[in-house]
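Protein chains in written order, with the working numbering: chain A, -1 to 159; chain B, 9 to 449.
Derived by calculation from the structure, the hints in this document are not laboratory data. Accuracy of the hints is not assured; some may be wrong.
[To be verified] Below are the SDA-like pairs computed for lysine to any residue, each with C-alpha atoms no more than 20 Å apart in a straight line: (1) B:K446 / A:R134; (2) A:K26 / B:L444; (3) B:K310 / B:P274; (4) B:K446 / A:G137; (5) B:K45 / B:P75; (6) A:K26 / A:T66.
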Amino acid sequence: LSKITNLWPSSLSSPGYIPLSGERDVKKVPFVETFNTRLQGVISSASDIARVYVAYFDTRTLNYCCSTNNNRPCGGLRGYPCNHLRELLHEAVIQYGINHVRQFLQLPSEAQTENDILQRCGQQSHTYNVSDIFSRFLGDLELLELPTLNTPLTVMAWFNT
Amino acid sequence: MMFGTRPDSSDAIQTMINQLDRCFLYGFVGRQYATLKTLPCIFAGTPLEALLQASVEALLRNEFTEPHFVSLAAARIALQGTLYDLLRAQIMLDLGRTSTTDSPQLPTFKQPDPMLDSVRHWLTELALSGFSRLETNTLYSFAPTLAALRANPCTRDISTLLTGFLNEMLAQVPVKDAEQVPLLRWCDLWSTAMLSTANGSDQPTPTLMTGYLYPLGVEMHQHSQSASLVVYAILVNDNTPIFVRQTWSAFKTSTITHDEMWLLFPEALQLLQSLVMGKSLEVKDLPVLPSGDMLWNDSVAKTGAKYNPLALALEYCVPGSKLVIPALPPLERHPVQIAEPIALTNYRIEGDCLLNSEQTFSIDSHRNPFPMESLAAPAAFGLLRYDAGHWALQPLTVGNANGKYETAAQIATKLLKKPPKTNTVAILKERATYLLRKARS
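Generate the whole structure from the sequences, applying the supplied hints.
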């Protein structure tokens, strides 16, 4: 029979929780996530309220992409990451902390700052359909349109962080 | 003396739970014979015995089908429920409390829901692969089902739980060290979800109550995509003080955290303000469930006389006082659900403990919203909690030197009455209205 080291384990503590490490600017970058093999998110256009950019970095290669949600490539991409990608990375570091971002992107421990990460960027990528990222963002926003309930919800006793 | 003992038999139950949980770490691959075989004997003479006997035999024949995993979930829920009952009985004894109302409501069964079938299927898949061998694709593939579950308010409990659980698993996959898996926690979440797919009980009928309501404290629960606010109060109905709760819950984005979460709950303002101002509420025909959960709406209440929440807590929630605490429905009983109200006075602080002349209470560091030094107060109201073999006090409302009191409700009402011009909730809600309308048109 397999070993049991601790007779009284906790129902509440989970090592996976990452607290927000600063104040996120959701006006500029309303959505960021580490998902599958990409650090991805949505960035507001500086000039047009109706437009957003969808951008991502691939893990490991750090290939990157930025385009509008209608799949038009971002004009700021000129062989290096545009400002949207920089903003995305900046907000990801606030959301998850530099250590998690580095580990998620599978970078060596020398990459200690956002600039270290940007210097390792690969090439412009076209492989992934950004509309999937945009739908994940809409899915996230939909959470805010679900009704508030006034009924008991005892399952939340497990969630305190 | 450190407050809160553990009943003798609790060790044996916890050991059994731990052994059963090991089966979920590496998946059901036929190495768990010894543990599984003991299960039916443990439940000998209970309604679960025959079911478990059949399911264990099937699992030992490598028949890994969903109903047998539902049986395992039921066994585990029953073990945790027993632990809850034992711990609760012990704490009642320690606090000199005698009665709780106890009219176990039998769950009623709803029509089968194809969405819940998918959940059960997915949970079975998780158990088969084992928590240390989870694959990202298994986890990602569940997202569309989960989104559909969330859209249905009737399945709010299971969708809230699974949203938190899924995010937690995603943050840890691929698992590098099996021993780092929060096994008890994940098995708790797994079995709670599994059983609610089979149970799907309708809400019991509320009773309409009339009397005076005195809010005593408030707490916030959260995971990255959900928040729930709970107000604890005493309802005095026909001279009988009843401990009641009001919960509001909402989904949220992971960017809404800390104090901004209060902005999700404008509905709570009246109750929170009653607590902050120390003004009781006169309620008429307030719906209250048998579990002591109120179903609040502002129209049942008007402002009543002034009260001091700590003075009231010291009257009704000190050890030995007469307070009716409704019992949780049987299927929800689990040690994490213990939230025994307690009021303390004449104590001092030592390290991370509160001491009075007879007992020492350790402070629940995870759930304490106050800095340790501000607990040096003439009186405090809070909840006794239990986790990882220990009792701890979660302070909710604490006196201060000038005869007033501190509660999270103060910052909450301040924000709700005058939300900051730019706040995450407002920015994202505006985005949601705009972009979702556009996407749907």
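Results of checking the hints against the structure:
1. Proposed proximity of B:K446 and A:R134 is supported: the alpha carbons are some 15 Å apart, at most 20 Å.
2. Using a Cα cut-off of 20 Å, the hinted pair A:K26 and B:L444 holds, with the two alpha carbons roughly 18 Å apart.
3. Restraint check for B:K310 and B:P274: the C-alpha separation of about 18 Å stays at or below 20 Å, so the hint holds.
4. A threshold of 20 Å between alpha carbons decides the hint, and for B:K446 with A:G137 the separation of about 14 Å falls inside it, so the pair holds.
5. Pair hint B:K45 plus B:P75 holds up; C-alpha atoms about 17 Å apart against a cutoff of 20 Å.
6. Restraint check: the Cα-Cα separation between A:K26 and A:T66 comes to about 15 Å, which is no more than 20 Å; the hinted pair holds.
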